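As a plain string of letters, each chain reads:
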Amino acid sequence: MNQIPLLARVFAYLSLLTVGGGMAAFPEMKILTVEVHKWLTFPQLIHLYSVGQMAPGPNMMMIVPIGQWAGGVLGAVIVVLAFFGPTAVLTFIVGRLWTKLEKWPWRQSIQRGLAPVSIGLLLAGCFTMAKGAIFGLETATIAVAVLLLLLNYKINPALLILAGAVIGVLSFTP
Amino acid sequence: MSETGTKLAQPEGIDRGVPPTGVSIGQIFLEFLIIGATSFGGVVPYLRDSLVTKRHWIDDKQFVEMLSISQSLPGLNATNMAILVGQKLRGVLGGVAAIIGICLPGAVIMYIVGMFYRVHGEHVWVTAALKGVAAAAVGLILATVVGLSKKSLADKFDFVFMALTVLAVNRLHQSVPRTLIAVGLLAVLFHRPRKGQKESVA
Numbered sequence: 001m002n003q004i005p006l007l008a009r010v011f012a013y014l015s016l017l018t019v020g021g022g023m024a025a026f027p028e029m030k031i032l033t034v035e036v037h038k039w040l041t042f043p044q045l046i047h048l049y050s051v052g053q054m055a056p057g058p059n060m061m062m063i064v065p066i067g068q069w070a071g072g073v074l075g076a077v078i079v080v081l082a083f084f085g086p087t088a089v090l091t092f093i094v095g096r097l098w099t100k101l102e103k104w105p106w107r108q109s110i111q112r113g114l115a116p117v118s119i120g121l122l123l124a125g126c127f128t129m130a131k132g133a134i135f136g137l138e139t140a141t142i143a144v145a146v147l148l149l150l151l152n153y154k155i156n157p158a159l160l161i162l163a164g165a166v167i168g169v170l171s172f173t174p
Numbered sequence: 001m002s003e004t005g006t007k008l009a010q011p012e013g014i015d016r017g018v019p020p021t022g023v024s025i026g027q028i029f030l031e032f033l034i035i036g037a038t039s040f041g042g043v044v045p046y047l048r049d050s051l052v053t054k055r056h057w058i059d060d061k062q063f064v065e066m067l068s069i070s071q072s073l074p075g076l077n078a079t080n081m082a083i084l085v086g087q088k089l090r091g092v093l094g095g096v097a098a099i100i101g102i103c104l105p106g107a108v109i110m111y112i113v114g115m116f117y118r119v120h121g122e123h124v125w126v127t128a129a130l131k132g133v134a135a136a137a138v139g140l141i142l143a144t145v146v147g148l149s150k151k152s153l154a155d156k157f158d159f160v161f162m163a164l165t166v167l168a169v170n171r172l173h174q175s176v177p178r179t180l181i182a183v184g185l186l187a188v189l190f191h192r193p194r195k196g197q198k199e200s201v202a
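Protein sequences, first through last, are from chains A and B. Counting with our numbering, you get residues 1 to 174 for the letters of the first sequence. Counting with our numbering, you get residues 1 to 202 for the letters of the second sequence.
In case anyone wonders, no lab produced these hints; they're calculated from the structure. Treat the hints with care, since some could be wrong.
Partner residues are not named here, just some residues of chain B that face chain A (Cβ under 7 angstroms, in silico) [stated by the list, open to error]: (1) F40; (2) V44; (3) A107; (4) F116; (5) I141; (6) S149; (7) R192.
Partial list, computed: chain A residues near chain B (C-beta under 10 angstroms) [claimed, not checked]: (8) A8; (9) R9; (10) V19; (11) M23; (12) I31; (13) I46; (14) P58; (15) M61; (16) V80; (17) Q108; (18) S109; (19) G125; (20) A145; (21) L149; (22) P157; (23) T173.
Just so we're clear, the structure is a prediction, and the values are computed from it rather than from any experiment. All C-beta atoms in this analysis are idealised placements derived from N, C-alpha and C, irrespective of residue type, glycine included.
With the rest of the complex left out, here is chain A (with noise of 0.2 angstroms):
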């Protein structure tokens, strides 16, 4: 029961590192969980965070397994608490001041300088998820044929996710 105050330090931290999306937080969520606290493996985590794709609501819920399988029912609702409760916070802080600030020149300076190191964040959280998930010609097809399917044509993602479900199913049972 003494991982609840580890699961909210965590996760706590974690929240506060999802600029851009929730990928952002990926290469330090695999440390944390993973290797520091062992809460589950890498290829779960990987099974998680992909699942997690086809539920509705904020793409992170797959935060609350991490949570159950460490602390119970107890956990799943801390790890919620911690992961949404600081950014919640800061958000509505900083979300009145923000447009108090519309004069502000850094507004907009801030705003330029964040979006391409949020950007690579998220990439930097999918490359660490493509060493776990990537492996093979059959992996590296999917994902580059949901790609390029998402960048021609107006498809809704979960579906795809779903479709690889399939396709996974049809190529990699024996």
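Fit chain B to the known structure of chain A by using the hints.
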């Protein structure tokens, strides 16, 4: 979270034209609960449909501005938007109602998925399906990266900052916060306000 609420004065919540036409906390919770339960494949378009088109709680200009704030701050777009919209409509309690509403369905679903996965995760069919799912998720993130780059990277130096960030995290194994602060500072200074600068970049 709710203790901070009592300290803040409510009337400030209404700072823009459009008066929040008596939207109740219950309505806010319900609307975000519905979005949280139905927004398969990405929350933002559902938010726009619901809040701008259907409910008229905010207009399109406000939506875009709130989205740009959400993207610059830590936190997911979905939950940051919930906070900003909820706060605009009903102050602290509105924000709390919105974020709980939007998180609840997905959290319950993933709780159940987690239990199922723990028991059946080793089944051959499940592992096979998960291989495909994970590969597809990589494609999805890449598509998000490309989409965001097209939209918000105008200067060629932006791609240098992006590459530096990737390099720092993946190759030099720097922590995300350190990278964020170092490269972020560099990029913000690069885009610093300049005298008589025209709006367009490069």
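For each hint, the structure was consulted:
1. At its closest, the beta carbon of F40/B sits 4 angstroms from a beta carbon of chain A; the interface hint therefore holds under the 7 angstroms criterion.
2. Interface hint status for V44/B: violated, as the beta-carbon distance to the closest one in chain A is roughly 11 angstroms, over 7 angstroms.
3. Hint on A107/B holds. Least Cβ distance to chain A is approximately 5 angstroms, under the 7 angstroms limit.
4. Interface hint status for F116/B: violated, as the beta-carbon distance to the closest one in chain A is roughly 10 angstroms, over 7 angstroms.
5. With a cut of 7 angstroms, the hint placing I141/B at the interface with chain A holds, because the nearest CB-to-CB distance is about 4 angstroms.
6. Annotation: S149/B was flagged as interfacial toward chain A, and the flag holds, the nearest CB pair being 6 angstroms apart, inside 7 angstroms.
7. The interface hint given for R192/B holds, since its Cβ lies 5 angstroms from the closest Cβ of chain A, which is under the 7 angstroms cut-off.
8. Contact between A8/A and chain B, as hinted, is not supported at the beta carbon level, the nearest pair being about 14 angstroms apart and thus beyond 10 angstroms.
9. A distance limit of 10 angstroms between C-beta atoms decides the matter here; for R9/A the minimum to chain B is near 14 angstroms, and the interface restraint is violated.
10. Annotation: V19/A was flagged as interfacial toward chain B, and the flag holds, the nearest CB pair being 5 angstroms apart, inside 10 angstroms.
11. Of the supplied interface hints, the one on M23/A holds, with its beta-carbon coming within about 6 angstroms of a beta-carbon of chain B, less than 10 angstroms.
12. Interface hint at I31/A: satisfied, since its Cβ lies 8 angstroms from the closest Cβ of chain B, which is below the 10 angstroms cut-off.
13. Taken as an interface hint, I46/A checks out: its beta carbon lies about 5 angstroms from the nearest beta carbon of chain B, inside 10 angstroms.
14. At a threshold of 10 angstroms, the smallest CB-CB gap from P58/A to chain B is about 4 angstroms, leaving the interface hint in force.
15. Nearest Cβ of chain B to the Cβ of M61/A: about 4 angstroms, under the 10 angstroms cut. The hint holds.
16. Against a cut-off of 10 angstroms between C-beta atoms, the interface hint on V80/A holds, since the closest Cβ of chain B lies about 6 angstroms away.
17. With its C-beta approaching chain B no nearer than about 7 angstroms, Q108/A sits inside the 10 angstroms limit, and its interface hint holds.
18. At its closest, the beta carbon of S109/A sits 4 angstroms from a beta carbon of chain B; the interface hint therefore holds under the 10 angstroms criterion.
19. At about 7 angstroms, the closest approach between the beta carbon of G125/A and any beta carbon in chain B falls short of 10 angstroms, and the interface hint on this residue holds.
20. Satisfaction of the interface hint for A145/A is found here, the shortest Cβ-Cβ separation to chain B being roughly 7 angstroms, below the 10 angstroms cut-off.
21. Taking 10 angstroms as the C-beta cut-off, the interface hint given for L149/A holds, the closest approach to chain B being about 8 angstroms.
22. With a cut of 10 angstroms, the hint placing P157/A at the interface with chain B holds, because the nearest CB-to-CB distance is about 4 angstroms.
23. The closest approach between the C-beta of T173/A and any C-beta of chain B is roughly 5 angstroms, which is under the 10 angstroms cut-off, so the hint is satisfied.
Going down the numbered hints, you'll see the structure goes against 2, 4, 8 and 9, while the others check out.
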